[in-house]
Amino acid sequence: MEKRVTFSRWTVGILFAVPQMLLIFTFFYWPAGQAVYWSLTLQQPWGGGNIWVGLDNFRSILASADYWNSITASLAFAAISTGLAMVIALVLAALTDRQLAGSRFYRVVLIWPYGIAAPALALAFRFILAPEAGFMAVVNRAWPGFWDPGLDGADAMASIIAAFSWKYVGYNFIFFLAAFQAIPRSLIEASAMDGAGVVRRFRDIQFPLITPTIFFLLVINITESFQDSFGIVDIMTSGGPANATNLMVYKIYSDGFKGLDYSGAAAQSIILMMLIVVLTIFQFRFIERRVHYR
Amino acid sequence: MASITIRDVRKSYARSQVVHGVDLDIASGEFVVILGPSGCGKSTLLRMIAGLEEISGGEIAIDGTVVNRLEPRERGCAMVFQNYALYPHMSVAQNIGYSLKVAGVASAERTERIRAVARILELEPLLERKPAALSGGQRQRVAMGRAMIREPKVFLFDEPLSNLDAKLRVQMRSEIRKLHRRLNATSVFVTHDQVEAMTLADRLVVMNGGRVEQVGTPGEIYSRPASRFVATFVGAPAMNILEGVVALDGLSLLGGSRRLAISRAGLPVGTEVAAGIRPEAVRLVAPGTRGALDATVDLVEELGAGRVVYVDLDGASFSVVTSETVHPLPGTAVGLQFSQADMHFFSSETGARLDVFKASVPVPAL
Amino acid sequence: MVERTPILNFVTHLVLFIGFMLAVAPFVIVAIAASHNLKEVNDVPMPLLPGGDFWANIKTAWITAGLGPKLLNSFIFAAGVAAGKVIISALTAFSIVYFRYPGRTLIFWLIFITLMLPLEVRIVPTYAVAANVLSPYQAILDVTGLSWLIEKISGVQVSLSLGLLNSYTGLILPLIATATGTFLYRQFFLTVPDELTEAARMDGAGALRFFIDILLPLSRTNMAALGTIMFLWAWNQYLWPLLVTTDPAHATAVTELKQLIPNVGGIPEWNIAMAGTLIVMLPPLVVVVAMQRWFVRGLIATEK
Numbered sequence: 001m002e003k004r005v006t007f008s009r010w011t012v013g014i015l016f017a018v019p020q021m022l023l024i025f026t027f028f029y030w031p032a033g034q035a036v037y038w039s040l041t042l043q044q045p046w047g048g049g050n051i052w053v054g055l056d057n058f059r060s061i062l063a064s065a066d067y068w069n070s071i072t073a074s075l076a077f078a079a080i081s082t083g084l085a086m087v088i089a090l091v092l093a094a095l096t097d098r099q100l101a102g103s104r105f106y107r108v109v110l111i112w113p114y115g116i117a118a119p120a121l122a123l124a125f126r127f128i129l130a131p132e133a134g135f136m137a138v139v140n141r142a143w144p145g146f147w148d149p150g151l152d153g154a155d156a157m158a159s160i161i162a163a164f165s166w167k168y169v170g171y172n173f174i175f176f177l178a179a180f181q182a183i184p185r186s187l188i189e190a191s192a193m194d195g196a197g198v199v200r201r202f203r204d205i206q207f208p209l210i211t212p213t214i215f216f217l218l219v220i221n222i223t224e225s226f227q228d229s230f231g232i233v234d235i236m237t238s239g240g241p242a243n244a245t246n247l248m249v250y251k252i253y254s255d256g257f258k259g260l261d262y263s264g265a266a267a268q269s270i271i272l273m274m275l276i277v278v279l280t281i282f283q284f285r286f287i288e289r290r291v292h293y294r
Numbered sequence: 295m296a297s298i299t300i301r302d303v304r305k306s307y308a309r310s311q312v313v314h315g316v317d318l319d320i321a322s323g324e325f326v327v328i329l330g331p332s333g334c335g336k337s338t339l340l341r342m343i344a345g346l347e348e349i350s351g352g353e354i355a356i357d358g359t360v361v362n363r364l365e366p367r368e369r370g371c372a373m374v375f376q377n378y379a380l381y382p383h384m385s386v387a388q389n390i391g392y393s394l395k396v397a398g399v400a401s402a403e404r405t406e407r408i409r410a411v412a413r414i415l416e417l418e419p420l421l422e423r424k425p426a427a428l429s430g431g432q433r434q435r436v437a438m439g440r441a442m443i444r445e446p447k448v449f450l451f452d453e454p455l456s457n458l459d460a461k462l463r464v465q466m467r468s469e470i471r472k473l474h475r476r477l478n479a480t481s482v483f484v485t486h487d488q489v490e491a492m493t494l495a496d497r498l499v500v501m502n503g504g505r506v507e508q509v510g511t512p513g514e515i516y517s518r519p520a521s522r523f524v525a526t527f528v529g530a531p532a533m534n535i536l537e538g539v540v541a542l543d544g545l546s547l548l549g550g551s552r553r554l555a556i557s558r559a560g561l562p563v564g565t566e567v568a569a570g571i572r573p574e575a576v577r578l579v580a581p582g583t584r585g586a587l588d589a590t591v592d593l594v595e596e597l598g599a600g601r602v603v604y605v606d607l608d609g610a611s612f613s614v615v616t617s618e619t620v621h622p623l624p625g626t627a628v629g630l631q632f633s634q635a636d637m638h639f640f641s642s643e644t645g646a647r648l649d650v651f652k653a654s655v656p657v658p659a660l
Numbered sequence: 661m662v663e664r665t666p667i668l669n670f671v672t673h674l675v676l677f678i679g680f681m682l683a684v685a686p687f688v689i690v691a692i693a694a695s696h697n698l699k700e701v702n703d704v705p706m707p708l709l710p711g712g713d714f715w716a717n718i719k720t721a722w723i724t725a726g727l728g729p730k731l732l733n734s735f736i737f738a739a740g741v742a743a744g745k746v747i748i749s750a751l752t753a754f755s756i757v758y759f760r761y762p763g764r765t766l767i768f769w770l771i772f773i774t775l776m777l778p779l780e781v782r783i784v785p786t787y788a789v790a791a792n793v794l795s796p797y798q799a800i801l802d803v804t805g806l807s808w809l810i811e812k813i814s815g816v817q818v819s820l821s822l823g824l825l826n827s828y829t830g831l832i833l834p835l836i837a838t839a840t841g842t843f844l845y846r847q848f849f850l851t852v853p854d855e856l857t858e859a860a861r862m863d864g865a866g867a868l869r870f871f872i873d874i875l876l877p878l879s880r881t882n883m884a885a886l887g888t889i890m891f892l893w894a895w896n897q898y899l900w901p902l903l904v905t906t907d908p909a910h911a912t913a914v915t916e917l918k919q920l921i922p923n924v925g926g927i928p929e930w931n932i933a934m935a936g937t938l939i940v941m942l943p944p945l946v947v948v949v950a951m952q953r954w955f956v957r958g959l960i961a962t963e964k
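Chains as they are written, first to last, in the working numbering: chain A, 1 to 294; chain B, 295 to 660; chain C, 661 to 964.
Just so you know, these hints were derived from the structure itself, not from any lab.
Be careful, since some hints might not be right.
[To be verified] Computed from the model, here is a short list of chain C residues facing chain A with C-beta under 7 Å:
{"id": "1", "residue": "P666"}
{"id": "2", "residue": "A683"}
{"id": "3", "residue": "I689"}
{"id": "4", "residue": "S755"}
{"id": "5", "residue": "Y761"}
{"id": "6", "residue": "I767"}
{"id": "7", "residue": "W769"}
{"id": "8", "residue": "V781"}
{"id": "9", "residue": "I800"}
{"id": "10", "residue": "W893"}
{"id": "11", "residue": "N896"}
{"id": "12", "residue": "V940"}
{"id": "13", "residue": "L959"}
{"id": "14", "residue": "I960"}
[Said to hold, decoys possible] Pairs of lysine to any residue, SDA-like flavour, derived with a Cα cap of 20 Å:
{"id": "15", "chain 1": "B", "residue 1": "K424", "chain 2": "A", "residue 2": "L209"}
{"id": "16", "chain 1": "A", "residue 1": "K258", "chain 2": "C", "residue 2": "L779"}
{"id": "17", "chain 1": "B", "residue 1": "K424", "chain 2": "A", "residue 2": "T211"}
{"id": "18", "chain 1": "A", "residue 1": "K3", "chain 2": "C", "residue 2": "A859"}
{"id": "19", "chain 1": "B", "residue 1": "K424", "chain 2": "A", "residue 2": "K258"}
{"id": "20", "chain 1": "A", "residue 1": "K3", "chain 2": "C", "residue 2": "F871"}
{"id": "21", "chain 1": "B", "residue 1": "K395", "chain 2": "A", "residue 2": "K258"}
Virtual Cβ for every residue (Gly too), placed ideally from N, Cα, C.
Working from the sequences, and respecting the hints, build out all of it.
Here it is as structure tokens:
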């Protein structure tokens with residue numbers, strides 16, 4: 001889409017774009033390029049020269065069991081938390097959209113979780129799910145040793161999934177509800193006239209019509225599970241126990257800033273970037289074309 | 295086919311009432327058009343018949359069964375929506391066949407019936423297309439097909455032609471009429487377009503402000519409007535209204551010193567009335583003609599077959615439709631002549647029709 | 661619509677109520693835990709009614725984590741990011757919508773690509789840039805031979821250096837360097853009728869006047885929505901402030917949460933931790949509740 005009427009002094013026009021161009025060059029393109037450069041060299045922390053090593057950094061990362069463990073953990077985290085957050089939000093939004101008494105109230109309250117900072121809710125969940133106090137302690141009293149995120153990797157993973165999903169149910173709810181409400185009322189009425197009941201209408205009309213939103217949220221949730229999980233992991237588990245929750249961004253952070261392995265961290269960043277770019281392109285190219293109707 | 299009985303039906307929302315006690319009987323196989331300005335409650339009434347709107351008071355019965363508490367799918371009605379409401383993700387065939395699919399009709403029979411409907415509506419080449427790839431008229435036909443395929447007891451139309459251009463509208467109008475003759479299903483059609491209403495209806499229901507003003511054949515509505523509202527709403531250009539007071543020797547017009555010599559047949563002197571005369575019933579004569587009202591030409595609209603002449607009558611606008619070969623120029627004086635038989639009288643107070651003036655002599659102006 | 665679905669309605673109410681409970685339970689638990697003393701909060705099960713030590717715990721958390729100045733930092737940081745976004749995105753969108761110049765498409769795509777890669781994945785090199793924000797330019801001068809030239813001519817050795825660590829600028833600028841707001845404005849500008857621009861032109865307004873007098877006032881609702889979203893987003897940032905603010909004086913409230921994690925060994929001070937959590941989660945919650953309309957609208961508009 002283009003404007004028919006524009007201003008002719010285009011030198012002025014470019015000036016308007018300069019601040020943002022400077023910002024994204026300095027803080028986006030330069031660092032992104034830097035990451036590529038570092039990933040191909042052996043970088044000494046804080047200067048001291050660098051040696052060109054080609055793809056060696058990638059080779060050593062991909063040969064590391066720790067890294068594969070981190071990928072597996074990230075993908076498991078992404079799959080389960082995205083699935084949970086989306087299914088729960090979809091059900092809640094569909095029911096709220098029925099507009100029975102009280103739906104306005106739910107519409108307000110169910111989005112609160114998304115406003116909370118990941119680390120804050122992580123601390124809250126750390127308490128709620130703590131093995132010695134809070135609520136899981138009750139369960140532990142009945143079955144000693146049943147629950148301990150500090151020792152059991154699966155319990156730790158379950159904890160961060162619970163915290164992340166809780167926040168993103170709120171996020172997905174906002175989008176699902178907006179999508180349901182964007183469906184023209186007359187379509188629902190037409191299908192009621194066609195004899196479809198509430199459940200049938202949801203299956204045949206509403207659900208197919210919100211598939212663009214579903215795919216959009218799928219991609220966003222997965223990408224967010226890579227980034228927004230950092231605060232949750234850092235507060236709740238610090239990547240432990242035994243690296244069970246050492247998700248990719250957390251590993252980049254600990255390798256880069258704690259282990260001072262800039263080249264390794266850069267190579268991991270590049271792989272993560274490519275993963276996200278592929279997801280995004282997948283969304284734009286493939287999904288947008290298949291599920292849009294207008 | 296089914297009859298519809300509407301008894302004292304009301305609809306109110308939290309703050310306002312939009313339908314005030316409507317009574318209406320629709321015979322089986324009848325084509326009824328509900329006509330009225332926007333906001334008169336006609337669509338609400340239709341949607342209450344469909345079950346899309348809860349009924350606040352009164353009763354609607356289809357074929358003798360009260361349907362107030364029945365869901366849309368249980369009422370046996372099909373509906374054509376104003377914006378067609380086609381499912382954008384389904385093909386034409388799927389759109390048309392959807393109600394059968396919901397009803398669990400086997401796929402072979404479904405295909406057969408979709409074909410049959412598509413044949414009638416000339417949609418066969420388009421069956422695999424999505425609604426986005428159709429023109430306005432084609433979408434309209436798909437919407438009709440979707441209603442037809444169920445062989446419903448009642449067809450409901452909610453201003454289905456208003457999104458079409460003028461030419462298509464005329465064409466679809468006659469197609470709907472033909473379809474009705476062929477299927478002979480009870481139909482209720484809502485519109486604000488009086489030409490559409492007159493041409494389609496077996497019987498016409500004129501609504502205003504949530505009430506029924508008049509029910510009758512298009513001919514009755516035109517020739518004997520029951521109220522001032524109906525008189526001015528139906529017919530184009532609209533009926534001329536002359537406000538006046540009943541005097542001993544006729545009707546004194548307000549806003550001037552003129553008087554119409556008409557028989558007042560029993561109306562008390564001093565009653566305020568609105569006298570209506572259709573533009574088609576007025577003849578233009580030379581100014582000063584005996585018994586004619588003198589007026590000044592304001593504006594002439596050329597229609598090809600005839601002309602609409604707007605004249606100024608003591609500051610009020612008055613229109614005349616003439617097919618004669620007179621071409622009055624703006625600013626010239628003309629005389630207006632009409633007979634009392636063509637006049638309609640309404641109470642100034644209530645707007646109701648007054649049927650007391652009976653005479654068939656030309657009206658002389660005094 | 662006439663619909664008799666009592667069972668489904670019951671299920672709907674039931675499920676929504678469970679959803680509501682799950683959504684508010686953590687808030688309630690945090691608030692209750694924050695109101696008990698050390699012994700009560702570690703009871704199994706924790707008492708479900710509020711205790712009497714709420715204000716004492718809030719006070720302890722406030723002092724232990726130094727939340728007063730941290731909240732102020734958070735506020736300046738979040739407001740800075742929101743304001744910067746609102747202004748800079750508007751400028752850029754105006755440029756790419758209302759002008760035709762060579763390279764306009766390139767600029768469009770350069771901005772578009774930034775949508776794809778969040779700060780978290782390029783965190784290490786971005787940190788290096790923040791350590792010396794002029795390093796990219798130094799590198800350009802070095803590589804192009806310009807620094808050599810300047811040194812030859814003037815005898816001055818070029819060494820650009822400006823560190824942004826432990827500064828508001830360093831906190832704020834990298835978070836503004838994304839495309840989120842630009843596309844929101846772009847979508848909106850494209851819907852502004854051309855007749856308005858023509859009328860403004862007839863009235864003698866140039867580009868700048870049109871931008872300030874007509875476009876920005878028309879964009880008010882979009883600005884409010886974008887500002888709300890960006891404020892929340894920035895307030896809730898964790899990794900970047902954690903890296904950039906090595907000096908506790910510049911830390912934000914969210915990064916300070918780490919100080920509140922109870923130590924291993926000894927009885928964990930969950931009551932204090934939860935009091936701190938409550939303080940930190942309250943401001944964004946207030947914004948969400950008060951600005952719900954803008955929040956929802958902004959979220960949907962910025963992501964599309």
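* Which earlier hints can't be squared with this structure? -> 1, 7, 9, 10, 19 and 21
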